[in-house]
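S.K.: One-letter residues, chain by chain:
Protein chains: 2
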Amino acid sequence: MSLKVLDLAKRRKSVRKFSEKNIPIEKVLKALETATHAPSGANQQPWRFIVITEKDVKIRIKNACERGEREFYEKVDGEFKQWLTEQKLSWKKPFLEKAPVLVAVFMKKDAQYARESVWIAIGFILLALEEQGLSTLTYTPSKIQYPQLLLNVSNNFQLEAIIPIGKSEDNKPKAPKMTLEESTYLNQWGKLITK
Amino acid sequence: MSLKVLDLAKRRKSVRKFSEKNIPIEKVLKALETATHAPSGANQQPWRFIVITEKDVKIRIKNACERGEREFYEKVDGEFKQWLTEQKLSWKKPFLEKAPVLVAVFMKKDAQYARESVWIAIGFILLALEEQGLSTLTYTPSKIQYPQLLLNVSNNFQLEAIIPIGKSEDNKPKAPKMTLEESTYLNQWGKLITK
Chain A
50 MSLKVLDLAK RRKSVRKFSE KNIPIEKVLK ALETATHAPS GANQQPWRFI
100 VITEKDVKIR IKNACERGER EFYEKVDGEF KQWLTEQKLS WKKPFLEKAP
150 VLVAVFMKKD AQYARESVWI AIGFILLALE EQGLSTLTYT PSKIQYPQLL
200 LNVSNNFQLE AIIPIGKSED NKPKAPKMTL EESTYLNQWG KLITK
Chain B
50 MSLKVLDLAK RRKSVRKFSE KNIPIEKVLK ALETATHAPS GANQQPWRFI
100 VITEKDVKIR IKNACERGER EFYEKVDGEF KQWLTEQKLS WKKPFLEKAP
150 VLVAVFMKKD AQYARESVWI AIGFILLALE EQGLSTLTYT PSKIQYPQLL
200 LNVSNNFQLE AIIPIGKSED NKPKAPKMTL EESTYLNQWG KLITK
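Here the protein sequences come in this chain order: A and B. Just so you know, we're using our numbering here: the first sequence kicks off at 50 and counts up by one. Just so you know, we're using our numbering here: the second sequence kicks off at 50 and counts up by one.
The set of hints was computed from the structure by calculation and includes no laboratory data. It is possible that part of the hints are untrue.
Identical copies look the same in the list; a pair holds intra-copy or inter-copy alike.
[Unchecked claim] Capping the alpha-carbon separation at 20 Å, the derived lysine to aspartate or glutamate pairs in EDC-like fashion look like this:
no., residue 1, residue 2
1, 62, 135
2, 223, 56
3, 158, 56
4, 157, 128
With these hints in hand, go ahead and build the complete structure from the sequences.
M.R.: What follows is the structure, given as structure tokens:
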């Protein structure tokens, strides 16, 4: 039996190069509506979203994030630095300007299981956008204080992710994934499952 | 346009009462396969799953979790205690025994953005099970050390959630959710979006 959610998850890949072409805002709102139905600790729904469509706001966010990334990249070393180099990643985050829409996701800091709940909701968003033919990245700024300040966010909330959304122009293939047999055990840790 | 992922998210509710009837394990594996396609920090895929089908393992997990819950419930007070009472929640977690399948979800502790990644994957699992007509709860034990010890988990991994899976026998309605207009702003914090 074909499973829509499995097909979408398989098809989805993280995208860092976006077409600058506009996308219908309604598609983004549908995805955020999907997120509002996610479960959350004590049903506190500890998420808020800012949909960012204005070019100058996007540029200011990009600058604020890149400021933190430059500081971060100067310090990083070891295995992670190697991975970043291999992936051709740098402090530059052009997708924050190029993607036609950004969604900034905030977490209510004092809610129970706030982070867990917010990231379930982000999972819902990614699949709802994929279903509508829109690509995404879950970008987590290395230093949230700069974009947080810029967006004049309530003190009770904290920036968790910025999701650029648009049509992909990224030819990089999807990152390879472990198989189910590598990640899943049966009844006890280490006992392999065989399909 | 109808959106499958939105429909599934709307339809899904957290369920605490399950039929004891067996379910096809293949459906659970399909959902976990969906999870393996989730994005993760540096593609580290910091999740592992134990699919628990054996009755005696479920009972021992229930006992281990309830031990922690009893300790937790003795200490809780204030607004959260009131919410728990209103929701008729207690330290008893019968669904850990009654649900035909449990999935224990573990997080690689030293991976980057490990928690964020694991909970995106959990979001994928919830929707993939809902699509297959199976109900779920994202249960987070109050004290993970008891079930963690019981399952003989590698020191590099930490229990994040136990997801009971089965056919719902829970008549409680879905918890009410904020509207999109209550959770979403446009271009700046506090500026309401109007559909």
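S.K.: Hint by hint, where does the structure go against what was stated? Just the numbers, ascending.
M.R.: Structure breaks hint 3 only.
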